[in-house]
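If you're matching them up, the sequences are chains A and B in order.
Following the numbering used here from start to finish, the first sequence increments by one per residue and tops out at 344.
Following the numbering used here from start to finish, the second sequence increments by one per residue and tops out at 344.
One or more hints might be untrue.
Identical copies go unnamed one by one, so any copy, or any two together, can satisfy a pair.
[As the list claims (entries may be wrong)] In silico lysine to aspartate or glutamate, EDC-like type, Cα no more than 20 Å apart, as pairs:
| hint | residue 1 | residue 2 |
| --- | --- | --- |
| 1 | Lys118 | Asp101 |
| 2 | Lys118 | Glu106 |
| 3 | Lys23 | Glu244 |
| 4 | Lys121 | Asp86 |
| 5 | Lys213 | Glu227 |
| 6 | Lys121 | Asp101 |
| 7 | Lys64 | Glu123 |
| 8 | Lys271 | Glu244 |
| 9 | Lys118 | Glu147 |
| 10 | Lys48 | Asp144 |
| 11 | Lys124 | Asp101 |
| 12 | Lys118 | Asp144 |
| 13 | Lys121 | Glu106 |
| 14 | Lys118 | Asp86 |
| 15 | Lys271 | Glu338 |
| 16 | Lys271 | Glu290 |
| 17 | Lys335 | Glu290 |
| 18 | Lys213 | Glu183 |
| 19 | Lys55 | Asp24 |
| 20 | Lys200 | Glu290 |
| 21 | Lys213 | Glu319 |
| 22 | Lys64 | Glu120 |
| 23 | Lys213 | Glu290 |
| 24 | Lys124 | Glu106 |
Just so you know, these hints were derived from the structure itself, not from any lab.
There are 2 protein chains.
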Amino acid sequence: MTTIKDVAKQANVSVATVSRVLNQKGYVSKQAERSVKNAIKSLNYKPNAVARSLYHKTSGIIGLFVPDISNPFFPELARAVEDAATSEGFTVVLCNTDSKQEKEEKYIQVLQQKYADGLIIATGTDSIEHILSTNIPVVALDRYISDHIPTVVSSNKAGAIDATEHLIAQGCQFIAHLRGPKGVTSADDRYTGFKQAIEDHSIAHVVVEAGFEIGQSEVATRNLFEKYPSIDGIFAGSDVTAAGAMRAAYQCKRAVPKDVKIIGFDGISLGEMLTPSLSTIQQPIYEMGQQAAKLLMMMIEKKELPSYWHEFSTTLKIRETSTGSE
Amino acid sequence: MTTIKDVAKQANVSVATVSRVLNQKGYVSKQAERSVKNAIKSLNYKPNAVARSLYHKTSGIIGLFVPDISNPFFPELARAVEDAATSEGFTVVLCNTDSKQEKEEKYIQVLQQKYADGLIIATGTDSIEHILSTNIPVVALDRYISDHIPTVVSSNKAGAIDATEHLIAQGCQFIAHLRGPKGVTSADDRYTGFKQAIEDHSIAHVVVEAGFEIGQSEVATRNLFEKYPSIDGIFAGSDVTAAGAMRAAYQCKRAVPKDVKIIGFDGISLGEMLTPSLSTIQQPIYEMGQQAAKLLMMMIEKKELPSYWHEFSTTLKIRETSTGSE
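Required output: the full structure, derived from the provided sequences and hints.
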């Protein structure tokens, strides 16, 4: 492997001069700089990333915090972050935090020891002190942390209004909302949107907390069908929750969309895999992940951000679970 | 932040002595070692990971190569690898390669510059030269690369036999196999198992290539139903492919499982989200990911491996798509 000494020898300069050229620090004559660059090229020299990291206190590493990569919303975000980061020469360390503060703190410690350049945080914990006290750039993705941290979200409230009004336009008279966990900003905003649309139209409704998991949602929906047999529309707080509602409808022998129409929220690929295919509110997941990575890289390069609030519009995606008569 | 100098001062030894204790290299008296360790503890000193990396030429980083983290098989593997790695103090860099050789080569270059300690490769490319020529440990996960690389797979052929015999036991008389891409070892082994079981029972059958994606599988299955209306059983090469077959059955108004029984392969959480829920061949995905990480860490620590071939048994998971009469 070519070393910095080989480059110095070939360029006929000292190792210190090569180092100054590589790190763009200190005085180097134009002629010496040219010789060094030619030598680097002809020898195909690759500077040692770790040594550069020690000198610059940067590593080209960014940490991506997700609750659990096996929850199907996050792989699509992770892919987008990784694509954007890689194209700028950064590598992404995957951190499954299970939304636990102690795991987040441990990852922050380990990443800072490795001179990580920044963090993208798509997890929710009650405390935010440990995030605010990191001394590297942070971007919040799919959640709000603080006004001092750039935030990338979708228009959860407006999307929820669209979902609810779509069910009403399809003729639903009694609509259930399977809401996500209380305290999670996206779930709270979707709930607010649902309430607003429903009150505008004076439609019978019921709201239950169903988490963001399929099992909880399946049980909650079965209970709803038993208690309120006339429910004919369901707005699920996520696509995974919607899949649970579809399973409950199947078990209770209620045909979708004939007897009950269902719409989800997220727009993950799961929706297209379901039968019938799931109507949903599409978040631009890939664009959101890319934007978070871009903002983080701007902060790492100490560029000024145009804004700290980046809200992406959602779109109503009508598929089979909310239309037709079969 | 506490530095190595603070530790030396408190322990009343030289910085070089502290360094020898930290790196477990060179002679240090028992007494000096004790003083240094006490000083490290009382000052809560955390050695700079990057400086240690430069000295040891290791970084505590491992690379995980997946084709695309948004394909639902890989997040579950990634979670397992990350859990096992984190518990041993390693961090995992996520690498989406799209199974392209140039992307793999680029990642290998970047990771080696960062002194990555090893790679787990769950992607398939035609060439393997660039993998064989890396100078850090490699483990192959869900694929075979070479006899010289430890391999973690599931018993694809035996699982395919179980799937096919289950359809036959359920009374299927004409079975289609939606096979995965030719040349991908797991897909080839499942095909071989299917053929063996079908020939043992003299059952009418047809095999088509349907990739590992939902769109391709949906189209392939629709064509099959048109051409061979008496197909009453489908063994899909993956759970995602099975979801595509279920969508095709819905479009062609063939009830699952009454008119056609379907079984997948993988055992990802998608199967439980489908309606009806998907019968499948369960691979122990989490255990496989953990085993790959453990083998890699043994190699990094230069321990001898018990074996280079780690094949996990699959289990038949009977759910709704292959049983009952509704």
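Each hint, compared with the structure:
1. Lys118 to Asp101: Close across copies (14 Å), not inside one copy (27 Å); limit 20 Å.
2. Lys118 to Glu106: between (30 Å within a copy, 19 Å between copies)
3. Lys23 to Glu244: Neither. Shortest intra-copy (78 Å) and inter-copy (70 Å) distances fail the 20 Å Cα cut-off.
4. Lys121 to Asp86: within (12 Å within a copy, 26 Å between copies)
5. Lys213 to Glu227: Close inside one copy (14 Å), not across copies (48 Å); limit 20 Å.
6. Lys121 to Asp101: between (25 Å within a copy, 11 Å between copies)
7. Lys64 to Glu123: between (34 Å within a copy, 15 Å between copies)
8. Lys271 to Glu244: within (12 Å within a copy, 29 Å between copies)
9. Lys118 to Glu147: within (13 Å within a copy, 42 Å between copies)
10. Lys48 to Asp144: Cα proximity of Lys48 and Asp144: none, with 54 Å in one copy and 46 Å across.
11. Lys124 to Asp101: between (26 Å within a copy, 13 Å between copies)
12. Lys118 to Asp144: within (9 Å within a copy, 41 Å between copies)
13. Lys121 to Glu106: between (28 Å within a copy, 14 Å between copies)
14. Lys118 to Asp86: Intra 11 Å, inter 26 Å, cutoff 20 Å: intra-copy only.
15. Lys271 to Glu338: Close inside one copy (18 Å) and across copies (14 Å); limit 20 Å.
16. Lys271 to Glu290: between (22 Å within a copy, 18 Å between copies)
17. Lys335 to Glu290: within (11 Å within a copy, 24 Å between copies)
18. Lys213 to Glu183: For Lys213 and Glu183, only the intra-copy Cα distance (11 Å) is at most 20 Å; the inter-copy one is 52 Å.
19. Lys55 to Asp24: within (13 Å within a copy, 39 Å between copies)
20. Lys200 to Glu290: Result: close neither inside a copy nor across copies, 28 Å intra and 25 Å inter.
21. Lys213 to Glu319: neither (43 Å within a copy, 58 Å between copies)
22. Lys64 to Glu120: For Lys64 and Glu120, the Cα distance is within 20 Å only across copies (18 Å; inside one copy 38 Å).
23. Lys213 to Glu290: neither (27 Å within a copy, 31 Å between copies)
24. Lys124 to Glu106: between (27 Å within a copy, 13 Å between copies)
Going through the hint list in order, the structure does not satisfy hints 3, 10, 20, 21, 23.
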